[in-house]
Amino acid sequence: MEPFVFFGGKGGVGKTTVSCAYALRCARDGHRTLVVSTDPAHSVTDVFDQEFDDSPRPVAGVEGLDAMQIDPDDEVTRHLNEIRQDLSEQVSAAMVNEINRQLEMAHGTPGAYESALFDRFVDVMRSADPYDRVVFDTSPTGSTLRLLGLPELLEGWIDRLMHKRRTSIDLFEKAAVGANEPRRVMEGDPVLARLQERKEFFEFAGSALDDDAAFFLVLNPDELSLNETRRAIADLAEKDLAVRGLVANKLTPSPDADENGRGARYLRERVATERERLETIRSEFDPPLVAEIGWRSSEVKGDLLEDVADELDIETAVEPPTHV
Amino acid sequence: MALADRIERYRETLEEWVRGLYHGMISHPAYEKIEKEAEDTEDAFILACFPDAFGIPSPVSYYTSELLPYLETEFESWERRLWDRDSYIERKGQQYHF
Chain A
1 MEPFVFFGGK GGVGKTTVSC AYALRCARDG HRTLVVSTDP AHSVTDVFDQ
51 EFDDSPRPVA GVEGLDAMQI DPDDEVTRHL NEIRQDLSEQ VSAAMVNEIN
101 RQLEMAHGTP GAYESALFDR FVDVMRSADP YDRVVFDTSP TGSTLRLLGL
151 PELLEGWIDR LMHKRRTSID LFEKAAVGAN EPRRVMEGDP VLARLQERKE
201 FFEFAGSALD DDAAFFLVLN PDELSLNETR RAIADLAEKD LAVRGLVANK
251 LTPSPDADEN GRGARYLRER VATERERLET IRSEFDPPLV AEIGWRSSEV
301 KGDLLEDVAD ELDIETAVEP PTHV
Chain B
1001 MALADRIERY RETLEEWVRG LYHGMISHPA YEKIEKEAED TEDAFILACF
1051 PDAFGIPSPV SYYTSELLPY LETEFESWER RLWDRDSYIE RKGQQYHF
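Chains as they are written, first to last, in the numbering used here: chain A, 1 to 324; chain B, 1001 to 1098.
In short, the hints are calculated from the structure, not lab data.
Virtual Cβ for every residue (Gly too), placed ideally from N, Cα, C.
Misleading hints may appear alongside valid ones.
With the C-beta cut set under 8 Å, the calculated list includes, among others, these residues of chain B facing chain A [said to hold, decoys possible]: (1) Ala1048; (2) Phe1050; (3) Val1060; (4) Ser1065; (5) Phe1075.
Once the Cα atoms are required to be at most 25 Å apart in a straight line, the calculated BS3-like pairs of lysine-lysine come out as [claimed, not checked]: (6) A:Lys164 <-> A:Lys199; (7) A:Lys199 <-> A:Lys239; (8) A:Lys174 <-> A:Lys164; (9) A:Lys174 <-> B:Lys1033; (10) A:Lys250 <-> A:Lys301; (11) A:Lys164 <-> B:Lys1036; (12) A:Lys174 <-> B:Lys1036; (13) B:Lys1033 <-> A:Lys164.
Computed beta-carbon distance windows for the label pairs [unchecked claim]: (14) A:Asp170 <-> B:Glu1016: 25 to 35 Å; (15) A:Ala234 <-> B:Pro1029: 55 to 65 Å; (16) A:Ala234 <-> B:Thr1073: 46 to 56 Å; (17) A:Arg101 <-> B:Gly1024: 34 to 44 Å; (18) B:Glu1016 <-> A:Glu82: 49 to 59 Å; (19) A:Pro110 <-> B:Gly1024: 47 to 57 Å; (20) B:His1028 <-> A:Asp170: 13 to 23 Å; (21) B:Glu1076 <-> A:Leu289: 51 to 61 Å.
Using the sequences plus the hints, can you model the full thing?
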């Protein structure tokens, strides 16, 4: 299977647990694995009982497994500071304030979070060399889908910007009278160079997502989760990204046959409705149901995570990436 | 002064006048026109890069902000041009000297 594996789904369905379990399984099967989380709640830290930051760190007690957590807030700030640094080197002091205002505005737009996350994801994919497999535990459905749809949109956008820039430089060159130096020259234009760099970045992202990534959706056996998953499958299909499989998490355990208390009756009823919903998933949803994971009475970590890993029916064999 | 010299001077003055007239009437307005067009395209470029300056959110302004350090002069003259541009017709009309 592809080297990059994404787990998505509605908030609170247990994406982090499933991603960590899958990563654990890959590591156990002898693949160098990295699990990347974008969850600001730092659930990976809870699962492995260990602090992680935005560079990969080995998970204690598991051979060949590293983990990292990306905080979109930090990423936006880092990006902002990088540009500020460039700014102070290039721009005269009088203009810095003017441009700074524009800069802060750009980093306050609603898309900034997504862009920052996207950048970091692609960076991780680009430098995934030491790993056989990278598992992405993505943020809840909506923003993730937008994230994965970005490259094509952005490539087109950058293309148009480059075209505009070229046209204007060309005109400036033509407007230079006689031997006068034109106001702008095409050769070595830093703006065009920057745009070109960005364009290549998006091209890489687009092809890596198309060819080297597999997508799984995690869902719970309830109506809301089912509906959202249905929409997510359609949205991803629209972007030509096929969902490889569905993971049903938090299934209610059925009571023993001889139990007949109020709790047992309640559980029996729940199990019946959940079974219906699983049936719906099997018959109506296109991607296959690759795992059914029951409720755990305590937090999933340690040995419990091993159990969950065993229940996942997702292959771990890795094909080398084609675009890195 | 020899006749030849006087003819020579006459020709030089005439040439200067003709070149001046040609430059003033034809070539300069033409270059000006091209330059204005170049400025207009540049304005469109910067507007496409930073539409949020006008309250239009853009999915790329996060990325285009990386260009800001290299767009100092462009950014400044863009703002200046936007200030003294009354209307698009007025801007285009400036090309014609009546």
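Results for each hint:
This hint holds: Ala1048 (chain B) has a C-beta 6 Å from the nearest C-beta of chain A, less than the 8 Å allowed. A least Cβ separation of about 6 Å between Phe1050 (chain B) and chain A falls short of the 8 Å threshold, and the interface hint therefore holds. A cut of 8 Å between beta carbons decides the hint on Val1060 (chain B): the least distance to chain A is about 5 Å, and the hint holds. Of the supplied interface hints, the one on Ser1065 (chain B) holds, with its beta-carbon coming within about 4 Å of a beta-carbon of chain A, less than 8 Å.
A hinted interface residue such as Phe1075 (chain B) counts as satisfied when its beta carbon comes closer than 8 Å to some beta carbon of chain A; here the least separation is about 6 Å, so the hint holds. Between Lys164 (chain A) and Lys199 (chain A) the alpha-carbon distance is near 15 Å, which keeps this suggested pair within the 25 Å criterion. Under the criterion of a C-alpha separation no larger than 25 Å, the hint pairing Lys199 (chain A) with Lys239 (chain A) is consistent with the structure, at around 19 Å. Taken as a hint, the Lys174 (chain A) and Lys164 (chain A) pair is honoured in the structure, with Cα atoms around 16 Å apart against an allowance of 25 Å.
Distance check on the hinted pair: Lys174 (chain A) and Lys1033 (chain B) sit about 11 Å apart at the alpha-carbon level, within 25 Å; holds. Distance hint between Lys250 (chain A) and Lys301 (chain A) is fulfilled; the C-alpha atoms sit about 15 Å from each other, no more than 25 Å. For the suggested pair Lys164 (chain A) and Lys1036 (chain B), the alpha carbons sit about 15 Å apart, so the restraint of at most 25 Å is met. Between the alpha carbons of Lys174 (chain A) and Lys1036 (chain B) the distance comes to roughly 11 Å, so the proposed pair stays at or under 25 Å and holds.
Taking the CA atoms of Lys1033 (chain B) and Lys164 (chain A), the gap is about 18 Å. The hint holds against a cut of 25 Å. Taking the beta carbon of each, Asp170 (chain A) and Glu1016 (chain B) are about 32 Å apart, inside 25 to 35 Å as hinted. Remark: the range hint 55 to 65 Å for Ala234 (chain A) to Pro1029 (chain B) is upheld by a beta-carbon distance near 57 Å. About 47 Å separates the C-beta atoms of Ala234 (chain A) and Thr1073 (chain B), a value consistent with the hinted range of 46 to 56 Å.
Taking the beta carbon of each, Arg101 (chain A) and Gly1024 (chain B) are about 42 Å apart, inside 34 to 44 Å as hinted. Under the hint 49 to 59 Å, the C-beta atoms of Glu1016 (chain B) and Glu82 (chain A), about 55 Å apart, fit the expected range. One distance hint, 47 to 57 Å for the beta-carbon pair Pro110 (chain A) and Gly1024 (chain B), holds here, with the actual separation near 53 Å. For His1028 (chain B) and Asp170 (chain A), the Cβ-Cβ distance of about 20 Å falls inside the hinted range of 13 to 23 Å, so the restraint holds.
Between Glu1076 (chain B) and Leu289 (chain A) the CB atoms are about 60 Å apart, so this pair conforms to the stated range of 51 to 61 Å.
Of the hints listed earlier, there is not a single one the structure fails to meet.
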